[in-house]
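2 protein chains.
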Amino acid sequence: MRIPKTHPRYESLVRRETLARAWKDGIVVPEGLIAHGRGEAFDYLFGEETSAPALVAEKAAAAALLRASRPVISVNGNVAALAALDVPATIEVNLFHRTEERVRKIVQVLDRAGTVRVLGRRPDARIPGLDSRRALCHREGIYKADVVLVPLEDGDRAEALVAMGKTVISVDLNPMSRTSRRASIPVVDDVTRALRNIERFARELRGDPEETSRILNAYRRVGNLRAAHSVLAWRLERFSKRRGARRRKRGARKRA
Amino acid sequence: MRIPKTHPRYESLVRRETLARAWKDGIVVPEGLIAHGRGEAFDYLFGEETSAPALVAEKAAAAALLRASRPVISVNGNVAALAALDVPATIEVNLFHRTEERVRKIVQVLDRAGTVRVLGRRPDARIPGLDSRRALCHREGIYKADVVLVPLEDGDRAEALVAMGKTVISVDLNPMSRTSRRASIPVVDDVTRALRNIERFARELRGDPEETSRILNAYRRVGNLRAAHSVLAWRLERFSKRRGARRRKRGARKRA
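Chains as they are written, first to last, in this note's numbering: chain Z, 1 to 256; chain V, 1 to 256.
Pulled out of the complex, with its shape left as it was, chain Z reads as follows (with noise of 0.2 Å):
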């Protein structure tokens, strides 16, 4: 099916089509699909836009990521279907639905991308207090990061990362999860978004470590999601309203 590009809901509907296809390429799973559709729930809610909250917490990722000295983005199926992957950072690949064959694919599609090194395919650590699977990650990748950016993560291993000492970035649509909850800064955005504006915020902050300090140190992290909270309440609430203003308009169109 060809989208139109003038379609209200064009983006979101090209990535519908890109996951599909990533499913059919063995990229994606069914898992990972039914978590794209939570997220677009919640997308839906923000209609469809960065709210700036999520900008600001875009920005304090990126100073992150720039001022770590071993950063590292962990990377499962949706991530390296849906987002560019041009952040600053060492690429791990890490699957919750583990298995070898899913990793050797996703590996080949980001060497394909041009990415320099991507780690995954001989994971030699373990992170602590998780179970079998999920725990596997690189020495010289995960294990030893000190700021982790963790897309579409589950919360048991934001938590995981974050009781390692970690700086944790995650990128979650549901200001209410566990992983929004439990990082270090938790980005409410959808993660085409996320990843396009904390590459695009690290390309600004590089080589000015003073604005990069200044904006470390002005991040809250609880008022920040907090923010992105009452923005979700807000637009529930408008969109009751605007149901409230078109049913009454309705009504006197048809008094008059």
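If you are wondering where the hints come from, they were derived from the structure by calculation, not from laboratory data.
Copies of the same chain look alike in the list, so a pair counts if it fits in one copy or across any two.
Derived lysine to aspartate or glutamate pairs resembling DMTMM-like cross-links, with alpha carbons at most 25 Å apart:
{"no.": "1", "residue 1": "24", "residue 2": "101"}
{"no.": "2", "residue 1": "105", "residue 2": "25"}
{"no.": "3", "residue 1": "5", "residue 2": "154"}
{"no.": "4", "residue 1": "5", "residue 2": "156"}
{"no.": "5", "residue 1": "105", "residue 2": "31"}
{"no.": "6", "residue 1": "105", "residue 2": "17"}
{"no.": "7", "residue 1": "144", "residue 2": "199"}
{"no.": "8", "residue 1": "5", "residue 2": "131"}
{"no.": "9", "residue 1": "5", "residue 2": "31"}
{"no.": "10", "residue 1": "144", "residue 2": "131"}
{"no.": "11", "residue 1": "24", "residue 2": "111"}
{"no.": "12", "residue 1": "24", "residue 2": "100"}
{"no.": "13", "residue 1": "144", "residue 2": "154"}
{"no.": "14", "residue 1": "144", "residue 2": "111"}
{"no.": "15", "residue 1": "5", "residue 2": "49"}
{"no.": "16", "residue 1": "105", "residue 2": "86"}
{"no.": "17", "residue 1": "105", "residue 2": "131"}
Being a predicted model, the structure only gives us computed values, none of them experimental.
For chain Z, the structure is supplied; the task is to place chain V on it using the hints.
Okay, now just chain V, sitting in the frame of chain Z:
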């Protein structure tokens, strides 16, 4: 993966597994998995339980089905996988992403489940105003129906059926969706719970025409939908307050 019955999200996880299996069997399409995820997000906001307004709508739906002369339930892949179809209505398989192969498979599954007669394989009519595939239906089914239960439907089709003068009962967890806004009786609930409740209410109301009339007369769609919306806004607010309370508690502990 065995899910323990004691898991707080047991039902939700079982549904997710059921869908993944149905997808492997060719019953459910990738788009159906994404749609299920959207529902999951709303169900999460609703606390994964049937709200009071949903229960009212489900009772009205049962009354409308009992009162109908030609009630039909329109079944797609997700519905066939997730819900028991014991509602008092003719069953017609009707797919957004229609392939004859998938229709055949779903009819087979429903036949095995002991359903009396399942329409869908040889459509001989069209719903006006819809593009080719989605318009296909049965003269003796949806086309001539006076009441149509359309769980997990697309907005276009719900709208087209209303335009044909039918009473349309929708089941959709998003109270703001076009389907919910267009349906005659929008049920804002999970499809498994909704069909279970409608079946139970139909059983209770059968043989009580007075109570059935009373329920149909008392039902107000706009007010009911607004109530569903309020529940959502209230739950969202509670989420944020609970977080605040926990924070304050932690703060108090720290200070002590």
